[in-house]
Each structure stands twice: as structure tokens, then as C-alpha cells.
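Based on the sequences and whatever the hints tell you, model everything.
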Amino acid sequence: MKALSLLLRGGPIEDAFVYRTQLVCWTYEHRVRVYEIADIERALEQSSPRSADLVNYALFHSGGRGSTYEQRGAWAAQGDLLESVDTTLAVEAEAVPYFEIDIGFEANALYDLHIYNDRLFLATDEGLSALDEFTVATSAVLRPRVRVKAPCYAANSGLGVIAASCGPLGLRLLLNEFGSQPGAMRTRRASEESVRAEVGHSTVVNHRTRGSAEFLAGRVEKTDGAYFLTEVRKTQVSGQGGDGVEAALAAADHAALAESIEFSFWNRSRLIVLGLGTIYSVAVKVDEFERKVGNTRHLGSYGPGLGRIVSASTAGRSIVLEGTKNLMVIHGREVVQVPTGPVVSMRTYQRSYRYQRLISAVSEGGLNLLAITSDREGDI
Amino acid sequence: MTRTGAATEAGVLFPATEACPAYLSRNDHRHFANPARNRWAASCQPLCEDEIFQDAHENAWRDSRPQLWGVRPGLTEVGTEGECLAKFPDPQNDFDAWHGYPISALDEGRAKEHQPEAALVARWLAAGLISDFEAARINRGRI
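Quick note, the sequences are listed as chains A and C, same order. Heads up: the first sequence is residues 2 to 381, going by this note's numbering. Heads up: the second sequence is residues 5 to 147, going by this note's numbering.
Be a bit skeptical, because a hint or two may be false.
As the list claims (entries may be wrong) - Residues of chain C placed beyond 12 Å of chain A at every Cβ, according to the derived structure:
id : residue
1  : D32
2  : D94
3  : Q96
Claimed, not checked - The calculated DSS-like cross-link candidates involving lysine-lysine, where the alpha carbons are at most 27 Å apart (straight line), are:
id : chain 1 : residue 1 : chain 2 : residue 2
4  : A       : K223      : A       : K235
5  : C       : K116      : A       : K223
6  : A       : K293      : A       : K223
7  : A       : K3        : A       : K293
8  : A       : K3        : C       : K116
9  : C       : K116      : A       : K235
10 : A       : K286      : A       : K223
11 : A       : K150      : A       : K235
12 : A       : K235      : A       : K293
These are calculated hints, taken from the structure and not from any lab test. The beta-carbon is built from N, C-alpha and C at its ideal position, and this holds for glycine as well.
Below, the structure is given as C-alpha cells:
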């Protein structure tokens with residue numbers, strides 16, 4: 002396994018989200034900054050001609066989508082290239098063309114950035130707001146529409162729904178947010194407390210704390226060929242060991258982990274849990290409004306070099322861990338330490354067609370764009 | 005202003021002055037007596053604790069909650085688990101000494117309780133105590 006990386010060095014970038022053909026950033030000056038991915042690729046071709054094709058393919062062209070002939074050739078020859086070229090690259094953030102949009106930001110801080118269905122969501126200490134016209138340069142001040150009027154710490158999406166996590170003020174689900182279904186948009190307060198939530202597989206998994214997981218079973222309807230979550234209700238996760246994921250872990254001989262989960266997240270109908278230096282996945286079977294725990298599987302281990310666990314996600318077939326000291330990527334027994342130092346945000350793009358290997362993380366030096374290659378993976 | 009502390013059964017007590025109320029560096033936030041409690045690092049002895057408290061009191065580093073918040077310039081670590089912030093709850097009674105302990109938004113079940121509100125973080129940034137990067141990490145619950 003090897004990490005290929007591009008640092009967009011310097012610049013006032015606080016957060017970033019790669020979407021379609023653009024890199025959408027939030028700056029410390031409270032402006033939206035947008036780069037074209039193609040411009041970033043060109044900048045890399047000019048500064049690192051020997052490495053650019055391979056790194057650009059790995060970062061921006063999963064499965065070869067949108068790649069050039071030269072990039073595909075570099076990827077096919079990666080076994081030889083990886084030994085001979087530099088794969089830790091940098092370009093100056095200010096030297097790549099970009100435009101910025103003034104959104105008349107009046108809050109104190111941005112807590113999260115999310116883009117879904119061509120709409121930009123900004124989670125701040127004053128609420129969650131939404132902006133559609135962020136992809137084209139303009140000198141006008143574009144004011145986002147307020148969607149939730151409570152401090153919002155995290156935003157996530159799926160099945161046509163936006164999940165706004167408002168800490169002690171609960172989880173707000175914005176249903177029919179894009180008007181794709183009959184009836185009005187509506188907001189449902191689905192839980193009393195939320196720091197983060199994920200949506201997928203007819204389920205909303207709400208995290209009241211970083212390690213806990215509360216399952217909300219959803220009713221999904223199909224409209225015009227797409228699936229939409231229309232209603233949720235709390236449900237227990239039942240299994241052989243009793244109710245709850247902790248019981249399933251204890252029944253599978255992981256009682257110590259069950260009491261020390263530091264972080265968990267929902268991924269493709271499995272709950273991934275981290276604690277005590279280990280990572281396990283717990284299968285959860287979706288059956289209408291019931292959720293049943295299935296097998297548990299050990300996914301890997303991490304050591305103390307990471308610091309405390311801050312967040313985790315998946316990229317390609319790897320698990321990406323963000324710690325207080327560094328990032329780490331784990332694939333089975335292989336571990337790659339990524340020496341970014343502490344970061345402000347870490348994102349992966351598993352639902353994207355083009356960016357399945359991509360990890361974006363803002364460190365003190367700038368925006369890190371990373372991809373992990375593995376001989377065993379082939380192309381994703 | 006440097007104060008001289010006196011050892012008591014509960015900890016080291018720094019007496020009140022005209023400018024600042026009394027502060028108690030409590031033993032249960034220093035030693036292993038209660039492992040559930042966050043502990044000050046060896047690099048931040050009672051005098052250091054009191055200095056952080058005095059700074060918090062003098063500048064009224066408060067948000068909407070009944071406590072003061074402490075921070076050292078550059079987010080220097082003050083706790084045994086790498087904590088960089090401290091919390092000083094308002095005393096129950098006017099005549100009680102203040103006390104405090106290091107905290108982190110990563111403490112289990114305390115993500116929002118141990119995260120200062122954004123308006124206070126903005127004040128620290130404006131005062132030059134922390135950088136934009138550090139302010140963003142605090143606001144995102146990474147500290």
C-alpha cells in the first residue's frame with residue numbers, strides 16, 4: 002500500500018468538499034472558494050510532469066472515469082512508476098485559478114460543509130443554510146437560505162434527506178428537501194441529541210455521542226426511478242446477545258470493546274466501531290422497520306501513533322482514521338501512516354463515481370488530497 | 005500576577021486578591037485518586053493552573069454557560085491526555101474557592117459540553133491567543 006498525495010499549499014483554506022468537477026472550499030475569511038479539478042491537474046502537470054499522470058489518476062479518476070490516455074497508461078504502469086517517481090507533491094493554492102463567492106456570512110464559525118444534489122449546505126453556530134448557485138463565479142453577494150435555526154454541528158445526506166445534527170437540540174431531518182416528491186418539504190425532529198448522523202440502507206444512524214449509535218428505521222418510497230426516505234422511527238437493534246450493538250459485540254467475545262467504543266459510523270449496512278486500538282464491523286440486517294445484528298468482523302488495528310481518535314471513514318477498500326496527531330489508512334494488516342499532523346476536517350467520497358479513493362484533509366500546511374493504492378485492489 | 009499557594013488537605017489554595025478570587029488546585033484533578041477525573045499534566049503545576057485561571061477571570065473568557073474557559077497561547081497542552089483547554093465551573097457559593105480541570109471535546113459523552121461556543125473562540129482568535137487553524141479545530145471539536 003502506498004499513499005499518493007497532493008498538498009494545495011498555503012492559502013486560507015479551512016475546509017473542502019470535492020463535488021462533480023470542482024473543489025469547493027471554505028476559507029478562513031468566510032468565503033466560498035471554488036477550483037476546477039482540471040486546473041489542479043494542469044498545475045500538477047506543470048510542476049511535476051513525471052508524477053502528475055499517476056497522481057491525478059489516483060486522486061480524481063476512480064475506475065478511469067474522465068481520465069486521459071496518458072493517465073491510464075501511468076496507472077497501468079504504476080508498479081514501476083511508484084519506485085521511480087515522487088508521489089508526495091505540492092502546488093501553491095494561490096497559484097491555481099479559482100473564484101470566490103461572498104455569502105454575507107454573519108455567524109461566528111462554520112462547523113461543517115456538505116454538498117448533495119447540487120446544493121451546498123453550511124452548518125454553523127447559528128444554523129444550517131443552503132445555497133444552490135455556488136458553481137459559477139459572481140460578484141454579487143449570495144445569501145444562503147436558512148433551513149434550520151439552531152446551532153448545527155454536522156450535516157449529512159442520503160435518500161433525498163438532509164440530516165442536521167444540532168447537538169443537545171437534537172437531530173433534524175429535512176424530508177423532501179428537493180421537492181422531488183408530492184407534498185411540501187418538512188422538517189422532523191428525529192432524536193433529542195445528535196453530534197453526527199449517517200443515512201443509507203433505509204436507515205438513519207444517529208450518534209448522540211461519538212461512539213454511540215441509535216438506529217432510526219426508515220420508510221423508503223420510489224419516485225421517478227429514485228429512492229426517497231419519507232418517514233423514520235426509532236428502532237431497537239436486536240440480536241443473539243440482546244438489544245444493541247454493544248450486546249452483539251459482547252456476545253461475540255468483545256465485551257471490553259463494547260464498553261470502550263471511541264467512534265462509530267454507518268457504512269453499507271454495517272456499523273464500524275473503533276476502540277481499544279481495534280476496528281470491528283457489525284452487520285445490521287434491514288427488514289422493514291426491524292434491525293437485526295448479524296456477524297462481527299475484525300477489520301484492523303491501530304496503534305498509539307494516531308493520538309486520540311477524532312473520526313473515521315472509508316475510502317476505496319480501506320479505512321481512514323483521523324487522530325489528534327495524524328491520519329492513518331488501514332487495509333487488513335497493512336497500515337499507512339499519513340504524516341499530515343493534526344487536521345481540521347477529513348472527508349472521503351465513497352458515494353462518488355470518480356473520487357472513491359480520494360481523501361481530503363486540511364492541515365496547518367494546507368489542503369491535502371490523498372489516495373491509497375494497493376496491488377491487491379485493482380482499480381476501483 | 006503570581007500568587008503563592010498554600011498546601012491544604014484538598015489541594016493547593018491560592019488566596020483571593022483584590023483582582024481575583026481564591027483558586028484551589030484540587031488533588032483529585034492531579035493524582036490517581038479518582039481515575040474518572042481529567043488531570044492536569046505534570047508540565048502544568050498548580051501555579052500554572054492558577055495563572056490560566058487568573059487569565060480566564062481577568063478576560064471573562066465565558067460563553068453562555070456558568071463557567072470560565074482556560075487556554076494557553078498556542079494551545080499548549082495542559083492535561084495528561086493532551087487536553088489543551090480547561091474549564092472552571094462557577095462556584096456554588098460566593099465564598100467558595102474556584103477550581104478547574106483540563107477538558108477536551110473528545111471526552112466520551114462530552115462533545116458539546118466540552119466545546120466552547122464559537123463567539124468565545126472568535127475572541128481568543130482576535131486576542132492573538134490562537135491561530136485560524138487552531139480556532140477551526142476547536143470549533144470542529146478536534147481539541
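Each hint, compared with the structure:
Here D32 (chain C) stays apart from chain A, with its beta-carbon at least about 22 Å from theirs, past the 12 Å limit. Chain A leaves D94 (chain C) outside its interface by the beta-carbon criterion, the shortest separation being 19 Å against a cut-off of 12 Å. The beta carbon of Q96 (chain C) sits about 23 Å from the closest Cβ of chain A, which is more than 12 Å, so the claim that it is off the interface holds. For the hint linking K223 (chain A) to K235 (chain A), the alpha-carbon distance of about 22 Å falls within 27 Å, and the restraint holds.
Proximity of K116 (chain C) to K223 (chain A) is assessed by CA-CA distance (about 37 Å); at most 27 Å being required, the pair is judged violated. Proximity of K293 (chain A) to K223 (chain A) is assessed by CA-CA distance (about 24 Å); at most 27 Å being required, the pair is judged to hold. Taking the CA atoms of K3 (chain A) and K293 (chain A), the gap is near 37 Å; set against the 27 Å cutoff, the hint is violated. Under the criterion of a C-alpha separation no larger than 27 Å, the hint pairing K3 (chain A) with K116 (chain C) is inconsistent with the structure, at around 36 Å.
Of the supplied pair hints, the one linking K116 (chain C) and K235 (chain A) holds, its CA atoms being roughly 23 Å apart against a limit of 27 Å. Note on K286 (chain A) and K223 (chain A): the hinted pairing holds, with a Cα-Cα distance of about 21 Å set against a maximum of 27 Å. Proposed proximity of K150 (chain A) and K235 (chain A) is supported: the alpha carbons are some 24 Å apart, at most 27 Å. For the hint linking K235 (chain A) to K293 (chain A), the alpha-carbon distance of about 14 Å falls within 27 Å, and the restraint holds.
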